[in-house]
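S.K.: What follows is the residue order along each chain.
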Amino acid sequence: MTRRGILTAIIVISALGAALIGVSGLRGQAQPEFSADVVAALSGGNIEGFARVTGVKEFSFPRDHGAHPEYQTEWWYNTANVQTADGRRFGLKFTIFRRALTPTMPERQSEWATNQVYFADFAIADIAADKFYFKERFARGAAGLAGAQTEPFAKIWIEDWSITFDQDGQGYHLRAAEGEIGMDVRLRMSKPIVFHGDRGFSVKNKGEGNASYYYSFTRSLLEGTITVRGEQFKVSGTAWFDHEYSTSVLGEDALGWDWFSIQLDDNREIMLYQIRLRDGGVEPTSKGTFVNVDGSTLFLSMARGDYTITPLGTWTSPRTGAIYPHGWRLTVKAPDGLLELEVQPFMRDQELNTTTAYYEGAARVTGTQNGVPISGVAYVELTGYNTQTRESYSR
Amino acid sequence: MLALPNSLRRVMLRAVLRRPFQAAMFILGVALGVAMIVAIDIANASALRAFGIFTESLVGRATHQIVGGPSGVPYELYRQLRLELGIREVAPVVTAYAQALELDGQPLRIFGIDPFAEAPFRGYLNLGAANANADINSLTAFLTQPNMVLMAEQLAAQYGLQEGDTLTMRYGPTRHTLTISGLLRPSDDVTAQGLQDMLIADISTAQEVLNMLGRLTNIDLIIPETAQGEALLARIQAILPAGVTIQVAGARASAVGQITAAFNLSLTALSLLALVVGMFLIYNTVTFSVVQRRPIIGTLRALGVTRRQIFGMVVWEAALLAVIGVIFGLIAGVLMGRLAVIIVTQTVSSLYFTVTVRNVDIPTFSLLKGALIGVAAAIFAALLPAYEATTTPPSGTLKRSDIERKVRRAVPVATLSGVLIVAVSLAMLGVSNLEVNFVAIFGIVIGFSLFTPLVTLVLMSALRPLSGALIGVLGLMAPRSIIRSLSRTSVAIAALMVAVSVIVGISAMVGSFRNDVQGWLADTIRADILISPPSISAVRQDVPVEPRVADIVRSIEGVALVGVSRSVDVIRPSDPQPVLLTAIDRDTSMGTRRFVWQIGDYEAVWSALGEGAVMVSETFARQRGIPIAAGQTITLLTDRGEHTFPIAAFMVDYSGDQGTVMLRRHVYLQYYDDPYISTIAAWVAPDYQVSDVISAIRAAFDGKYELLVQSNRDLRESVLVIFDQTFAITTALNLLATVVAFIGILSALASLQLERTREFGAMRANGMTRRQLFRLTLLETSLMGAIAAVIAVPVGTILAWVLVYIINLRSFGWTLTLGLRPEFYLQAALVALVASLLAGVYPAWRIGRIQPARALRIE
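The listed protein sequences correspond, in order, to chains A and B.
No gaps in the numbering here: position 385 of the first sequence is 385 in the working numbering, and each next residue is one more.
To convert a position in the second sequence, counted from 1, into the working numbering, add 1000.
Extracted from the complex, chain A is given alone in its bound form:
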């Protein structure tokens, strides 16, 4: 099972919930209920009629940077650790999600009619000021309000937030602004595209079709401007991009997950996660990818003991009351020796209290390999710690 499947499902439901709430004006109140019951609904037969991910496919760009509306869910995920020239650090997070409400669409005349819903999160962690800002929005994938195009270049947008690929396909441009935060940054991929699983065919669990297509830009070099409370900062840093789509089904026993994207200063990257189960165990198919300096990759299996994740402390959200683990010791069996890493968020509060609350935080990485100190940055994603969300799983 891929890391963000559940998150996406929850957010999608929340998106619907939000739309519903848009209609109901009961913002916040009714929402956990929706998440709850619809997650339950999603583990049922709701995927009927959608395209399924059943085998290896030939990716073609820019076409595959765009949307795949015949699959139920899709997302374009950006995280970045950046700093100003004088070393002031910021964490950036910007994701656009797509969800198909139905597998097919009856013929409609109105250009507003669609079964595609888009939604997005945008967050900036102002680490020096210990302030975390986040925004979210929803839109229909129609009438030009949100969508994904691939000609003449790939662009994914939700209103005036966008991910726009350069003509050469080697770079992209992120734009998002709302209220007190904004960003306008350009990125160049410094490494080849990493295809997870088997050439991008990422099996989720043993069921037929329970898989996703999943690729990443594990190290993009970022330059640009961000705005925090009206103040502009010129920043640079490294970013991570994921694009994944599927018609996924959640395991009924899943509680949440802890996911890490690590960029070591020696130009290597690691993605790994664990899905926590209701019985206190860990989903055996939890896995990761180790990316070498040259871009070659190594599959990491948790079941095989390729990596371990040990929490070091906790942080309690003052808003949601969720108790998140805070700080981890990771071990990763790299080909050239065991990596012993400690991941510590740059600041405590990086919880996105959006329609569905979860934690997505910029973190500092320190550690050793073969006795040599190493360092880096990371992004950590924690879901399923919100009591309300967790309760909803147990229904």
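A couple of the hints might just be wrong.
Facing chain A, a subset of chain B residues (Cβ under 10 Å, in silico) [claimed, not checked]:
(1) Gly1112
(2) Pro1115
(3) Phe1116
(4) Gly1229
Simulated from the structure, these hints should not be mistaken for laboratory data.
Glycine residues also receive a C-beta, built at the ideal position from the N, C-alpha and C atoms.
Could you slot chain B onto chain A? The hints should help.
M.R.: Below, chain B without anything else, positioned relative to chain A:
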């Protein structure tokens, strides 16, 4: 205010209890007046509040709205606002009324929204979250499936509808089957009321059903009142395409409020009129009770009760009875209000905007106002009699004859003040302020009523020899006894006169109006067949019909000529009220249209229109302050931007009270990208029967277009039906005023006759038969009715004149021709006579039963 010793209070109470009939009359007078005021107030308030709630539910928290002309607002503008200007608090709306066939043809507003954009705007919708799965599924269907709508739970329950049921909605010539994908459970009453008339649809569904593909009805915005907000407004202005403008939200709504203000004012004035008549009643009753208690009052004075205390006693008595009357009045008012709401709503809906009132509000303010006015009027009416009571000398020997002598002396004073009041009132008519004009009408009525004593004196003195010669003794007695009790009779006559003259005035006004409308219909609609979509509002025809429908009509055998018209609301810059623009390719008047001003003959007007000029209806010009004169222009926002059209003529037009601007179709198409038509007129070739052609047209439409095909005659009739509906409330109020007057005269006469019990006893003792006494009484009362009718003729005529030439013109802008027909007067005279005769029957019956011995025993 005036402290009253307990003893006096008891005297007062005993007096009231001893004369239950008079007390009842007093209470009735107050109650009826108060009831009328409260009923009208409730009706007006309910209709307006319903509209207010409706507007609120439509506008929500929007501060501004982007609106366009007939073709609405291009949807790309919305995308631009979100994507290019990055505006977040912006929401698209596609909406129009359609008729729900299964719901008794009730008009429902199909309100198309984008749920993802709605949250900041209209938080009034609430899906019942009993089953979240069902909700998600219904929302998915709502967004993705065609023809899905959400409906208020209450409305659904009312018609026994459930989720999944279908509704047939008729919009213009087409029907749509909509499915209820979910029910809305409003969180509060206001929301519930707002939702009562609505079907919420996804914007895509609304576009498809309402034929608005690619277009929006409006775009709502929340723009803060800050410098940043101002800057944002400027940026929005900069990207608005031609034909689209940004307005303060609710501007149209408040404009509608202004439109109906005149209508409400006339209703209120009518209800006040009832109170005036009621005041006569009160005055009469109080005077009577004072007169009757003269001996007691004299005794009290002799016992040392001060004048001040006597005054207080009378006023307190009036206040006490008034309070009882007010209580009854409030109850009756609330009950009557429920009825009045229906009538008012009907009128408002056919004239102004569709409004459905399901909850009748009973505003405390209305009740309070009614109560206060009732008590104040009663006390006011009691002041003069109360003062008179204080003039009773302690001896208590003052007799009726003394009072009457005094009254006779007062006749010139009354007449002079009447002249003065009438003169001032007439002067007030010159002020162009409706409120002042209404006060002037009251002034005229009251002023003329002050002439009653003099006219009664003169008429009865003149009549006496004649009636004596004709009827004999009774003929001599009756006029004299009227003169003898002038203080009483003149008041009763005045009350009746007021009611009758109001009947004359209003019938003449409505009759003239109706006559003019009939004439106008005959002049302007000279086509044989008229085809229109079944419309929701009586006065507007703005549902789009495809132009090819006209081609179908053209192809029918027997159709010689076809004309089409298109009516749309357009924007006049800096005018919050929309302008009804009518584009015609052929004038159904065939050149007989009447104008109040025109550049030349009809041909000249028509060819000026051909070159881009417009005709403006008189009502429109007057309401929007355009002088009816040569060289005027009107600037409208067109799809090519603002354009100034020269005005070639000001036409007489009764099609709606807001007036219209008319231009020729080719000019319209030059300025507006709107290919649709609204109505079709057809002329039948000679040798063909209109009814045959109508059948042929209906057959050609069958199943494809649902359009109303009417003959000229049917159309005219249906217009007159609407007209009569519009004036139903006026007629109803008029009737009520008559009832009040009738009760007034009944009470006055009854009191008068009862007061004369001893006199009648003496007459009987002296040999007068019961029959003679009966006849005498009836003769007296019918003479009084006749006097009232005589005075009502000029007063009614003046009222009619004022209503037609001043009130109507200033309220609505219509120039009517006052058509005075004898039947108005005959009807009024009949009412006066019948009322007075009937009013005389009861006292006459009572008097007939007098036993002379008992009556005289008191002596």
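S.K.: Would you mind marking each hint as holding or not holding in the structure?
M.R.: Verification of the supplied hints:
1. Gly1112: holds, 9 Å
2. Pro1115: holds, 4 Å
3. Phe1116: holds, 5 Å
4. Gly1229: violated, 15 Å
Violated hint: 4 only; the structure is consistent with all others.
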